[in-house]
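Number of protein chains: 2
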Amino acid sequence: MSGHILQNIEIKSVVPKKRQDLIKWHGWGYRDSEFRLRDRKMFFTSPRYLVSANATLDSFKKYIDSLFDVEMQHVLDLPFTEIRLKPVEYAKPTLVDDFIIGLDNLKIDYSLDGEDRLVRSHGQTINEIYDLRYGNFKRIPDLVLWPTSNDEVIKIVKLAHDNNVVLIVFGGGTSVSGAIQCPQDERRSIAILDTSQMNKLLWLNKENLTACFESGVVGQDLERVLNEHNYTLGHEPDSIEFSTLGGWVATRASGMKKNLYGNIEDIVLNVKVVTCTGVYDQKYSGAHKNVGPSLDNMIFGSEGTLGVITEVEVKIRPFPKVRRYGSIVFPNFSHGIQYLREIAKRRCQPASIRLIDNDQFQFGQALKTDEGALANFTNELKKFLLTRVKGYDWNEIAIATILFEGNQEDVDRQEKLIYSIAKQFYGISGGAKNGEKGYVLTYVIAYIRDFGLGAGLVAESFETSVPWTKCELLCDNVKLTIREECRKYKVKYFYTSTRVTQTYDAGACVYIYFGFQFSAPGYKIDNPIEIYHKIEEAARDIILASGGSISHHHGVGKLRKKWYKQSVSPVGINLYKAIKQELDPKNIFACDNFLMPEDKIDFVELTSKL
Amino acid sequence: MSGHILQNIEIKSVVPKKRQDLIKWHGWGYRDSEFRLRDRKMFFTSPRYLVSANATLDSFKKYIDSLFDVEMQHVLDLPFTEIRLKPVEYAKPTLVDDFIIGLDNLKIDYSLDGEDRLVRSHGQTINEIYDLRYGNFKRIPDLVLWPTSNDEVIKIVKLAHDNNVVLIVFGGGTSVSGAIQCPQDERRSIAILDTSQMNKLLWLNKENLTACFESGVVGQDLERVLNEHNYTLGHEPDSIEFSTLGGWVATRASGMKKNLYGNIEDIVLNVKVVTCTGVYDQKYSGAHKNVGPSLDNMIFGSEGTLGVITEVEVKIRPFPKVRRYGSIVFPNFSHGIQYLREIAKRRCQPASIRLIDNDQFQFGQALKTDEGALANFTNELKKFLLTRVKGYDWNEIAIATILFEGNQEDVDRQEKLIYSIAKQFYGISGGAKNGEKGYVLTYVIAYIRDFGLGAGLVAESFETSVPWTKCELLCDNVKLTIREECRKYKVKYFYTSTRVTQTYDAGACVYIYFGFQFSAPGYKIDNPIEIYHKIEEAARDIILASGGSISHHHGVGKLRKKWYKQSVSPVGINLYKAIKQELDPKNIFACDNFLMPEDKIDFVELTSKL
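If you read the sequences in order, they're chains A and B.
Going by our numbering, 191 is the number at position 191 of the first sequence; the sequence numbering is gapless.
Going by our numbering, 608 is the number at position 608 of the second sequence; the sequence numbering is gapless.
Incorrect hints may have been included.
Facing chain A, a subset of chain B residues (Cβ under 10 Å, in silico) [what the hints assert, rightly or not]:
id	residue
1	K41
2	G286
3	D412
4	Q414
5	N593
Honestly, the hints are just simulated from the structure, not real lab data.
C-beta: ideal position from N, C-alpha, C; glycine also.
Make the full structure from the sequences, and use the hints.
This is the structure:
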């Protein structure tokens, strides 16, 4: 069998080095894409998603208006692309002379420009976006570095370690855990290590079906290059347009098609990590290997705290011949969960299978335009259910959306089996269009959130993993808790819904969507983000009490570190600290995830011993 | 959905507490089972395996005789069950008074009996068995403890830590890495922590398809109990008759049916580990979870060096309705490997698929009895190949042995596909019997090894994992190296063969079998074990140079620690040391695996700081 077929392929990224030219600096996604409200009409500005460009979204507006019992309007400021709130003056960067001289000597590309620093100072949580939009700028990094290879990263890490400069690794900037925020109390110079210029395909081996990329490769670029050679990685997190391979490893990411391709830890064979004590690089074997404790697994989910992931070897798959959508309508959410559990028990999951509750179904159905592929679908489905299927309540039904991938024969068999099992749970086919719509909604949901912020609505989603037996109860408990909390904080109008997005042998991943109105004529909540977080915190407490985990794939970061200790046990936290101290004795990877103040390592004392 | 259906089930183990009543103290397996040679006839003493009891194995004897060009006879001593070489006097145990008083106070069951200590002083490597048989007893443990629960283990670990007593955890005693041997230079008191009395099924959850066992449960006991309730774990390492769940986790075990059920790390959801710093116990979620670096993975493959695994939560599966064997004959090994690679590429592996080379095929075929199920098979196959399939050389063919498991429909489909793909590689069905024989051979091969030792033959197997592209080359390289090494050490007659036992997306597991004659009339090699190890060492060097790993699932232990550092990189070794120091600051789990003398942690200095 032969060896490599491709080597050292440069990839032209969709995302430019000056990322703010393409990507919003104060919200999710492409600058050209946003929801807007003008003359009481709502519309979307680009044709990038299945929502037709400039078609009005009357149903959706009507739905939101009725949900919050008031006509939505821009109550705060201009639409996104018209905002120009970027601070004219940025904080003067804190710099270490020897570090800068070192960078110059090494010919490392860097920038001190305020805008370059600002756009890499945050991820995509609602509070980061809110702070950006309303000018509550906090500590931003002092400079941005663009290494172009593993070797340059080695030099940068040594230089930073020698000069006690903090490095925060920045990939796609799509974190939703606060993981890449600068710690507010950090007084040392903070350099962003932007991996975007390390995005080569180093090699691809056709026989082993393996490839090695530099860590900064953006998801959509990686897929495009593989697709050109008739391969796929199959890893499709909702952030795939912007997030990077290195980021996926650092956050132990999950993709929507994990049933077919696995989560990132199932896909990755080897990682190269530059630490302060050297390069960690396990010998590659391509199969199960037994060389003591699995140290590789220290890197998955390490969220930038242990070193810089520079190169990643992955398994690739032949590009699937068939891709087909589907959907199943269940009389209620409970039937749907039982169905998903049965599918998982029989291990016959298609590439993706998700279940949305009725609240989310209504939301999705409202999001239709007057033209385009999905325009008339709702009415057709409604007519079908009302005329042909008696006893299904439009306000109770839940929908499973399905994606099949594979060769013709496998997809046909899978499809047949999936629909046949559905009958036992009173599930009937809702057609392919509804399925496809569900997946497209995934990509626009973050745009909707940002639109809401301008329209006086704060909304966000969060996720967990939970054993099957506790899945439905957890969903109910969270909704009840949110209701109680809203009452407590005098939140009048709110929205909550749930979705089961991943199924496993013994449990599932559940998403919770929650939003409320904080500003409308005659109605105002002064501190919406603070209230939002208090409610989300109560929701997370009830999630854990109901048998759910701290996170399924979003990670811990700063947002969820409050619950880290109870999740890994005190022994686990000490184990993490021992690893951290070994690999990063001066804490230059000081993004400060995982540990609460009371568990912090005293690096100053440690450093003095070095 | 409901919760647990079974709770706190006591399991009566096949293996008695006084294990030497059932199990050989000086070789592999059941005392009633061994190969013997009497009046120039070879036979097997029990009907436990498909080799019929007391039927003569004339073909096998003839095969071995011709292989080594001399008539095999017992040249050294009596057959196994007739050996009574156990030392009459055992070394007086080194005891710590306060530890013994503590055990008495805690009412922990223990023994100072020499025989109890001896039978738990070793695993199953050829040198351990050789030393046992020829009386080269080394350091044996000083006492044996039998805790009955996690709580008792917590107390024992605290007591041992306080009194600086070494704990070596003993499960099934089937290790083939030297992992449980006492370090020869250990002067502290060494207590064996025998987990055999911790073997309860703590609970079983029908809805989640999960169960929790205490770690000491023996493989065959665990399967029997699950089977009674119509479930299976599906984890079947070759040692399943004796090895334990805790041992599987500690060595990151692989089972023959991993294609269907996964390797142990795919099966286990949660582990409870008692360390010197507390109990490590991650919160269970039943699905992918994202709580920082995966600390659980520090436990898999930790080989007793970090703590005591006490409870293990596993996924269980419905007992399969259909179990079917199969085999495929290929014109040569190379075609067989290419076929396995194609099957793995298409991810259509049945529960198990293995490939044996021609040397191993001849070996297996010779192992027939004059009566019993497999008696006349060889001749039939031979006739078929010679008469119907032209161009297949009996001395070149390679055989894939296959095990299908699942429901009728899936097995039928899988079988059809498997045989249809085989055609592309000139593979033709060799029938089910040949397949079944291949799997039975797995269980008797260790008995053959022990028989050989009495007949002047030293033999052993070792394994690796390797990327597909390097699989065949690695097999060739190892065989060439063994030949050269045999010449170097003046080994006249030797045998070597290879088998591919596991297939993965990007690589495979390869077993190498190697044996040579060290004693025959007029021929003697004085230090056979030493020579054997020198040759195996050279073989491992060429394995690594050929892209193979240090081990696929046997582990590192003491036997392979020479190659540990190069496998995990210097950063990796320091990471392991940091973890070890954190969890076991006095090194009471001092079985001394992984680290070479030059990398040892100075625990004396550390302890003085405590």
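Against the structure, the hints come out as follows:
| no. | hint | result |
| --- | --- | --- |
| 1 | K41 | violated (40 Å) |
| 2 | G286 | holds (3 Å) |
| 3 | D412 | violated (12 Å) |
| 4 | Q414 | violated (12 Å) |
| 5 | N593 | holds (8 Å) |
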